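First to last, the sequence lines map onto chains A and B.
Following our numbering, the numbering of the first sequence begins with 365 at its first residue and continues without gaps.
Following our numbering, the numbering of the second sequence begins with 3 at its first residue and continues without gaps.
Treat the hints with care, since some could be wrong.
Anything over 12 Å on all C-beta distances counts as not near chain B; from chain A, calculated [as the list claims (entries may be wrong)]: (1) 473; (2) 489; (3) 495; (4) 551; (5) 567; (6) 569; (7) 576; (8) 605; (9) 606; (10) 619; (11) 624; (12) 627; (13) 635; (14) 636.
Chain B stretches covered by chain A per the calculated footprint, using a threshold of three residues with CB under 8 Å from any CB of chain A [what the hints assert, rightly or not]: (15) 66-75; (16) 125-138.
Source of the hints: derived by calculation from the structure; they are not laboratory data.
These numbers were taken from a predicted model, which means no experiment stands behind them.
The C-beta atom is built at its ideal place from N, Cα and C for all residues, glycine as well.
The lines below spell out each chain.
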Amino acid sequence: MNRAIIAIAAVVLLASSYFLTRGTHSISADRSVSAAGDATPANPVNSPASSAATSTNSASNSSASAAPQPPATPEPAGNAAPATAPPLPTPQVGAGIPDLDPKEAIGSKTAPIVMEVFSDYQCPACKVLYTSTNRLLMDNYVSTGKVYLIHRDFPLPMHAHSRVAAQYSRAAAQIGKLEPVADALFQNQEKWEQNGDVDGTVAAVLSSAEMTKVRALVQSGTLDAAIEKDKALGQTYRVNQTPTTVFHSKGQTFPYAGVMSWEILKQFLDQLLSK
Amino acid sequence: MMESSPINFRRAIIWIGRLILGPIFIYAGYSKAFLPNTHFWPWFFLKFSVATNIANFAFQVDAFQMLPPWGVQFVAHALPFTEIFLGVMLLIGWRLRIWAPILTIIMIGFTFVVLRAYLLHMNINCGCFATPEPIGLKKILEDTAMSILAILMTWFVFIEARQPHPWSAAQEVPSA
Chain A
365 MNRAIIAIAA
375 VVLLASSYFL
385 TRGTHSISAD
395 RSVSAAGDAT
405 PANPVNSPAS
415 SAATSTNSAS
425 NSSASAAPQP
435 PATPEPAGNA
445 APATAPPLPT
455 PQVGAGIPDL
465 DPKEAIGSKT
475 APIVMEVFSD
485 YQCPACKVLY
495 TSTNRLLMDN
505 YVSTGKVYLI
515 HRDFPLPMHA
525 HSRVAAQYSR
535 AAAQIGKLEP
545 VADALFQNQE
555 KWEQNGDVDG
565 TVAAVLSSAE
575 MTKVRALVQS
585 GTLDAAIEKD
595 KALGQTYRVN
605 QTPTTVFHSK
615 GQTFPYAGVM
625 SWEILKQFLD
635 QLLSK
Chain B
3 MMESSPINFR
13 RAIIWIGRLI
23 LGPIFIYAGY
33 SKAFLPNTHF
43 WPWFFLKFSV
53 ATNIANFAFQ
63 VDAFQMLPPW
73 GVQFVAHALP
83 FTEIFLGVML
93 LIGWRLRIWA
103 PILTIIMIGF
113 TFVVLRAYLL
123 HMNINCGCFA
133 TPEPIGLKKI
143 LEDTAMSILA
153 ILMTWFVFIE
163 ARQPHPWSAA
173 QEVPSA
C-alpha cells in the first residue's frame, strides 16, 4: 500500500511539474506576444523577395558576435516591466547569432524565432525539407516576421558537387539572388548531380550580367572561407548530418537533425511563439 | 515449511528486468520531457520548458512517418510520462502483472518501429533519449535484448504469482 502511495505521489509530482511549467509559460506568453506585436509595425516585415533585394546593397558581413557560441545569450531585463513581473523576453534574437551574414538569411532580423538550416544542395533530404516544408515556412512565418531563416552551408564530403553548388549559392547571395538560385539547385538536384553542371543550372535562372558576377565570385576563391566558417559553426552545434535545423527563441536553442513535416513544424513554432 | 527458495532463476530474471528496464524507462521519459538537448548543458537545462521540449520531441516521433499529425502530438505528449510512470511502477514492484505486460508491449513496439526504420533505410535518429542516436544494428540489438528481457520478466511474473511467496508464513502441518 505504501508503495502505491509513493508511486502515485511521484506521478502526480511529475504531471504537476509539467502543467505548472506550461502554465508559467502561457502567462508570460501573452506579454511576449504583445511585445512582438508592438514591435512588428515598427520593424516592417521583409518579404523574401524584398529581403533579398535590400541585402544586395549591404556588402560587409555584419556578424554580431565573433565567438561562435551556440548557447543562448542572457535575456536583457525589460525596462518597462513592474518590479514583480518577470522581465520581458527580447523579441530580437538575430543579434545573438554568430557569423550572421544577412545575405544568407531571409526575413526580418527582429523576428522572435531564428532558424539556422545547415544544408547540402546535393542531399536528397535537404531537397525534401526545402521543397515540402521550408517553402511553406517562408510564406507563412518568414514573410510575416515571425521567423528569421538563415541558410548555412554544410557540404558533405560524400557529395561530389555539393561544394561547387554551395559556392554558386553563396555567390548568388552576394548579388541578392539566393532564393531563385537555391530554388533552382534543389528543384534540379537530380540533373546536376549526374553531370555536375551546376553552372548551367544556376545560369538558367539568372541574367547574363548576374551570371558574370556570380562566375567571377566563384572563380575568385573567396567563398570557400565563408563555407568553412559555416561548417565550423555547424561543428560547434555538433551537426553530423544534413539537414540540421537549429532553432533559437528567447534564450533557448533546439537543434533537430532531419526532415520536418510542415504540420509538426508549425505546431512547434506556434509553441515557441506562445511562450 | 517454505515451498521454494527465495532466489531462483525466475525471480532473478524478474529482479534483473525491474532493475534494468525501470531506470531505463524513467531516464528515457525524463530526458524527453526535461533534457531535449544535453549538448548544451547546462545553459538550456536552466531555461527548459517542458511543453517546448515535448513539441520538439514531436519531430522525432514524426520522423518515423507512421502517424498523422494528431497521432504524433498524442504520442509526443503521452509517451514521456507513460515511460516515467511504468519505470516507477517497475521499480517499486506494485501490481507488476498490470504494468509489466504494458511495458513489454511498448518495448516490442519500439523494437518494431526501429527495425522498420532501419529496413526502410530511413536516415533518422532514434529519439529514444535526449541525445540524438542514429538508428543502426547496435540500436536494434539493444532494443531486441530489452524486449526479450521484458518478455521473460512478464512471463515469470505471471508464473511466480501462482507460486506461494517464499517469505509468506509457513503453513502449519496439523499434528496427528
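Hint by hint, here is what the structure shows:
1. 473: holds (22 Å)
2. 489: Per Cβ check, residue 489 of chain A is inside 12 Å of chain B; nearest 6 Å; violated.
3. 495: Non-interface label stands for residue 495 of chain A: nearest chain B Cβ at 16 Å, farther than 12 Å.
4. 551: holds (21 Å)
5. 567: It holds; residue 567 of chain A is separated from chain B by about 32 Å at its closest Cβ, greater than 12 Å.
6. 569: Given that every Cβ of chain B is farther than 12 Å from that of residue 569 of chain A, nearest at about 29 Å, it holds.
7. 576: About 38 Å separates residue 576 of chain A from the closest Cβ of chain B, which puts it past 12 Å; holds.
8. 605: violated (7 Å)
9. 606: violated (10 Å)
10. 619: violated (6 Å)
11. 624: violated (6 Å)
12. 627: violated (4 Å)
13. 635: violated (4 Å)
14. 636: At roughly 6 Å from the nearest Cβ of chain B, residue 636 of chain A sits no farther out than 12 Å, so the non-interface label is violated.
15. 66-75: With 3 residues closer than 8 Å to chain A, the region 66-75 of chain B meets the three-residue bar; holds.
16. 125-138: holds (count 5)
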